[in-house]
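S.K.: Here the protein sequences come in this chain order: V and P.
Count along the first sequence from 1, then add 259; that gives the number in my numbering.
Count along the second sequence from 1, then add 354; that gives the number in my numbering.
What the hints contain is simulated information worked out from the structure, not anything from laboratory work.
Idealized CB from N, CA, C, for every residue including glycine.
A couple of the hints might just be wrong.
Just so you have them, the derived chain V footprint on chain P, three or more residues with Cβ under 8 Å [what the hints assert, rightly or not]:
hint, stretch
1, 373–383
2, 408–415
3, 535–547
4, 552–563
5, 579–587
6, 732–742
7, 799–806
Here are some chain V residues the structure puts well away from chain P; computed CB gaps all over 10 Å [claimed, not checked]:
hint, residue
8, Ala582
9, Ser632
10, Val645
11, Asp665
Now for the letters of each chain:
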Amino acid sequence: MNVMNPSGWKPEITSATTDAPATDAPATFTGNRALMLNEALIFEIGTLETTGVDLADAPQITSRLGGLERSRDIGLPGLSEPETVRHYTRLSRQNYAIDLGFFPLGSCTMKHNPRLNEKVARMPGFLDVHPLQPAETVQGALTVIHELAHWLVTLTGMHSVAMTPKAGAHGELCGVLAIKAALEARGEKRTVFLIPESAHGTNPATAAFAGFAVENIPATPEGRIDLAALQARLGPDVAGVMITNPNTCGLFERDMRKISDAVHAAGGYVYCDGANFNAIVGRVRPGDLGVDAMHINVHKTFSTPHGGGGPGAGPVVLSEALAPFAPIPYVTRGAGGVMRIVEESEAADERPQNFGRMVAFHGQMGMFTRALSYIMSHGADGLRQVAEDAVLNANYILRSLENVLDAPFAHAGPCMHEALFSDDTMAEGFSTLDIAKGLIDEGYHPMTVYFPLVVHGAMLIEPTETESKAALDQFIGALRSVAERGRAGDPSLKTAPHYAPRRRLDETLAARRPVLVWPKSELVIEPDVAVAAE
Amino acid sequence: MRYLPLTQNDRDAMLGVIGAKSIDDLFVDVPGEARLAGPIAGLPMHASEMAVERHFAALSAQNMTASAHPFFLGAGAYKHHVPASVDHIIQRGEFLTAYTPYQPEIAQGTLQMLFEFQTQVARLFGCDVANASMYDGSTACWEAISMAGRITKRSKAVLSSGLHPHYVNVARTMAKYTGDALDIAAPVLSAETDSARLLAAIDVETSAVVVQYPDILGRIEDLSAIAAKAHEHGALLIAVVTEPVALGAIKAPGDMGADIVVGEGQSLGVGLQFGGPYVGLFACKSKFVRQMPGRLCGETVDADGTRGFVLTLSTREQHIRREKATSNICTNSGLCALAFSVHMTLLGEKGLRNLAALNHGLAVQAAARLAKVPGVEVINHAFFNEFTLKLSKPARPVVHALADKKVLGGVSLGRLYPGISALENGLVVAVTEVVTAQDIETFASALEQILAQETVR
Numbered sequence: 260m261n262v263m264n265p266s267g268w269k270p271e272i273t274s275a276t277t278d279a280p281a282t283d284a285p286a287t288f289t290g291n292r293a294l295m296l297n298e299a300l301i302f303e304i305g306t307l308e309t310t311g312v313d314l315a316d317a318p319q320i321t322s323r324l325g326g327l328e329r330s331r332d333i334g335l336p337g338l339s340e341p342e343t344v345r346h347y348t349r350l351s352r353q354n355y356a357i358d359l360g361f362f363p364l365g366s367c368t369m370k371h372n373p374r375l376n377e378k379v380a381r382m383p384g385f386l387d388v389h390p391l392q393p394a395e396t397v398q399g400a401l402t403v404i405h406e407l408a409h410w411l412v413t414l415t416g417m418h419s420v421a422m423t424p425k426a427g428a429h430g431e432l433c434g435v436l437a438i439k440a441a442l443e444a445r446g447e448k449r450t451v452f453l454i455p456e457s458a459h460g461t462n463p464a465t466a467a468f469a470g471f472a473v474e475n476i477p478a479t480p481e482g483r484i485d486l487a488a489l490q491a492r493l494g495p496d497v498a499g500v501m502i503t504n505p506n507t508c509g510l511f512e513r514d515m516r517k518i519s520d521a522v523h524a525a526g527g528y529v530y531c532d533g534a535n536f537n538a539i540v541g542r543v544r545p546g547d548l549g550v551d552a553m554h555i556n557v558h559k560t561f562s563t564p565h566g567g568g569g570p571g572a573g574p575v576v577l578s579e580a581l582a583p584f585a586p587i588p589y590v591t592r593g594a595g596g597v598m599r600i601v602e603e604s605e606a607a608d609e610r611p612q613n614f615g616r617m618v619a620f621h622g623q624m625g626m627f628t629r630a631l632s633y634i635m636s637h638g639a640d641g642l643r644q645v646a647e648d649a650v651l652n653a654n655y656i657l658r659s660l661e662n663v664l665d666a667p668f669a670h671a672g673p674c675m676h677e678a679l680f681s682d683d684t685m686a687e688g689f690s691t692l693d694i695a696k697g698l699i700d701e702g703y704h705p706m707t708v709y710f711p712l713v714v715h716g717a718m719l720i721e722p723t724e725t726e727s728k729a730a731l732d733q734f735i736g737a738l739r740s741v742a743e744r745g746r747a748g749d750p751s752l753k754t755a756p757h758y759a760p761r762r763r764l765d766e767t768l769a770a771r772r773p774v775l776v777w778p779k780s781e782l783v784i785e786p787d788v789a790v791a792a793e
Numbered sequence: 355m356r357y358l359p360l361t362q363n364d365r366d367a368m369l370g371v372i373g374a375k376s377i378d379d380l381f382v383d384v385p386g387e388a389r390l391a392g393p394i395a396g397l398p399m400h401a402s403e404m405a406v407e408r409h410f411a412a413l414s415a416q417n418m419t420a421s422a423h424p425f426f427l428g429a430g431a432y433k434h435h436v437p438a439s440v441d442h443i444i445q446r447g448e449f450l451t452a453y454t455p456y457q458p459e460i461a462q463g464t465l466q467m468l469f470e471f472q473t474q475v476a477r478l479f480g481c482d483v484a485n486a487s488m489y490d491g492s493t494a495c496w497e498a499i500s501m502a503g504r505i506t507k508r509s510k511a512v513l514s515s516g517l518h519p520h521y522v523n524v525a526r527t528m529a530k531y532t533g534d535a536l537d538i539a540a541p542v543l544s545a546e547t548d549s550a551r552l553l554a555a556i557d558v559e560t561s562a563v564v565v566q567y568p569d570i571l572g573r574i575e576d577l578s579a580i581a582a583k584a585h586e587h588g589a590l591l592i593a594v595v596t597e598p599v600a601l602g603a604i605k606a607p608g609d610m611g612a613d614i615v616v617g618e619g620q621s622l623g624v625g626l627q628f629g630g631p632y633v634g635l636f637a638c639k640s641k642f643v644r645q646m647p648g649r650l651c652g653e654t655v656d657a658d659g660t661r662g663f664v665l666t667l668s669t670r671e672q673h674i675r676r677e678k679a680t681s682n683i684c685t686n687s688g689l690c691a692l693a694f695s696v697h698m699t700l701l702g703e704k705g706l707r708n709l710a711a712l713n714h715g716l717a718v719q720a721a722a723r724l725a726k727v728p729g730v731e732v733i734n735h736a737f738f739n740e741f742t743l744k745l746s747k748p749a750r751p752v753v754h755a756l757a758d759k760k761v762l763g764g765v766s767l768g769r770l771y772p773g774i775s776a777l778e779n780g781l782v783v784a785v786t787e788v789v790t791a792q793d794i795e796t797f798a799s800a801l802e803q804i805l806a807q808e809t810v811r
């Protein structure tokens, strides 16, 4: 028995390596194949006269549109309700999703999305209230925000939290602007953020968006920040560092406290990218590591659904040093337990150093309800178990596959919540992309590929805590099989996927001749000079 | 714990495979002083589904909901009826629990939907192209200003006084740190917009003029003259639409010369949700595509030549360009874009036009009724489904007094523009298809009673 795969599970290699469908399968009239149903665009099947909504007749009035009445058709096709439901149901079946299977995307924390969260978010008191209603009419909604804020501050060991940022990158912006405001309040103009090469792309993009220059923090051969090199670079021009911990190689930054102390001693601030909070939630508080600001991706750690690319929410926990600069509006509990919304009118007195407003309204209420539902369901004990099981699952994958895939940092000790591999063991001409596409045929969403940039052909696998051991064993067997085909140079891997709704798509064509709207007509756009020069 | 599949036997077996004695061995890299020995003190332990549901139900019951009361709030978020099938579709697990479609072979559902969404938004706004969504209207507005700066290589934007004050404040926050100059003014309670001010302010240093349409007071006007003046001086016109339903009745900004049109898509499919999540709409002329922020979905073919869709032109984006990206945005508002697109597909051209006509008709009737209340003056000449009242008293306490009478009666300018006494008697009133004749009557009589009182609340 293979000790790395104790269940003994393995895929049926014979069918997996067969390239085409059975040769006696006839072509169909429709092009569909049983449950594999193609679907045209709404512009190809709808008409301008069709509608799936019955409305009352408009009252007879004299128009007050000021002569701006629309004179030409908009060009919006409509479908009846049955056609609409079928259109989107057919489309949905061309998507992979957590509900269908394992989603081992590193850095993305694709965990199960509990349906209780969906149910509570749709309660009318949260779904059907306007953001500018008087505070006395939305006390329950404000209480949800306040309760979630309490959990986030306590779980992270921080001083306070800014709730309004709309996603992780927006939270980064919030933290960086708070740092900028704090520096200005000190009368200092520091212009540089230090960011490791292994960071998420949003980190340097955010620092640049807020007007900072970005410099690289070197890494040690074992995948962690080089403390000595960082210390050498700190100085009066450095506003702060942006560090992901656990980092994107799946490793905990052991020197985090020393890094924070060094940055603080040099007059800078520590921003922590909280994308990987799932590894440590309930077991480690970032506040104990000297962090000044950290965003929390509630759509990662706290299970709000990714929804095919959002919406998320990115509350930012702040240290005492940055708290006075947090954005408005915010929610507080006032006299007699009454919940208050502090906006421009009150903030001038109550938090005069606030850096301003980041969004219209109060943040992602629909995500707050879901996140709080998840957090309350787990409790302090369950969240701790979340981190433990997430880390356990990742280490199980790391140790089960390190003899077939190159694991560049595995010798250095355990990983946290994600396992990192490279494409070093692949045959000539085979790379990470081929492994990823081969996994699609096995019924899996691929892992994160080519990130972090510090590893050649990186494959970053984050199993999360919501996978069973049986699910992990099956995945390990599948990835082992695909990796072995890559090592052997199996040509059918180069043309994978074979069984997905589409074969490999021509992304070069899409970028060279962009067709962004229907009907197909290539855009006349200027060549991308900056990219061509790279 | 109902969401955790591992059994203790599983955990022990897996630790054996790893070669670790206990789970603590896996956290060995965390410094000892930062490792917590047990659950964090002062927080509750896990709870059953029923217990959590009860907690939320109790909190939900504390709120006054739009559907259960006469409801007239707008100012950037609108109550519209959302067909039942919209929520059904966005709750399908294949949409709800999918990731960003970076693996296009198994994400065609999301990608085709985004391609359809982009086309719908571009057509609605009268633009060539649209992106796959932003966080909301306010952040889309700043991104448009920032984009105009990149295109024109200028850094002075002129903002209409009719632009939503929250949008203005978001731009002010960002401009403070990017060094952009913003020419800003507060609105005046009158039927006239400040287009004369805008026309006078445009010069060769102007990157963009930003005009909301309909504006914060519900006023609408032709943007063509502003577009012409902006273009004459090499500047761009950015139009901001917070109520997309309006474009079922009135001309699209793109048709009046706007170069970039952004908006808040919440009205269609998304619901009020106390302010979020919403969906930012972002469209522009095709020649500016390379400077757009956010994700773009494009058509291509697969290895068999079959049509398919992919995320494209990603060399603009943070995960490729890092500090040189056009924006730091990553996660956007995909599921809300789906809700918008499904609702728009259900409506179609005919439904959207009917919906817009119904909104306008009811709003005209409500304005006429409210104008008869002593102490109320309707300031707008032209409007779509939202207009502004000038009351005989400050509007902020009136709104609270209306809430006491179980009427959610609009948004006071005192709340939106604190400290500007010339605006404190202004009340912005939105009237959509959910408003009944009885609601209008209830609102009008409550308002009449309150304005007749010696002291308000």
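S.K.: Give a verdict on every hint.
M.R.: The hints, checked one at a time:
no.: 1; hint: 373–383; result: holds (count 8)
no.: 2; hint: 408–415; result: holds (count 7)
no.: 3; hint: 535–547; result: violated (count 0)
no.: 4; hint: 552–563; result: violated (count 0)
no.: 5; hint: 579–587; result: violated (count 0)
no.: 6; hint: 732–742; result: holds (count 5)
no.: 7; hint: 799–806; result: violated (count 0)
no.: 8; hint: Ala582; result: 17 Å, holds
no.: 9; hint: Ser632; result: 6 Å, violated
no.: 10; hint: Val645; result: 7 Å, violated
no.: 11; hint: Asp665; result: 19 Å, holds
The structure fails hints 3, 4, 5, 7, 9, 10 (numbered hints given earlier, in ascending order).
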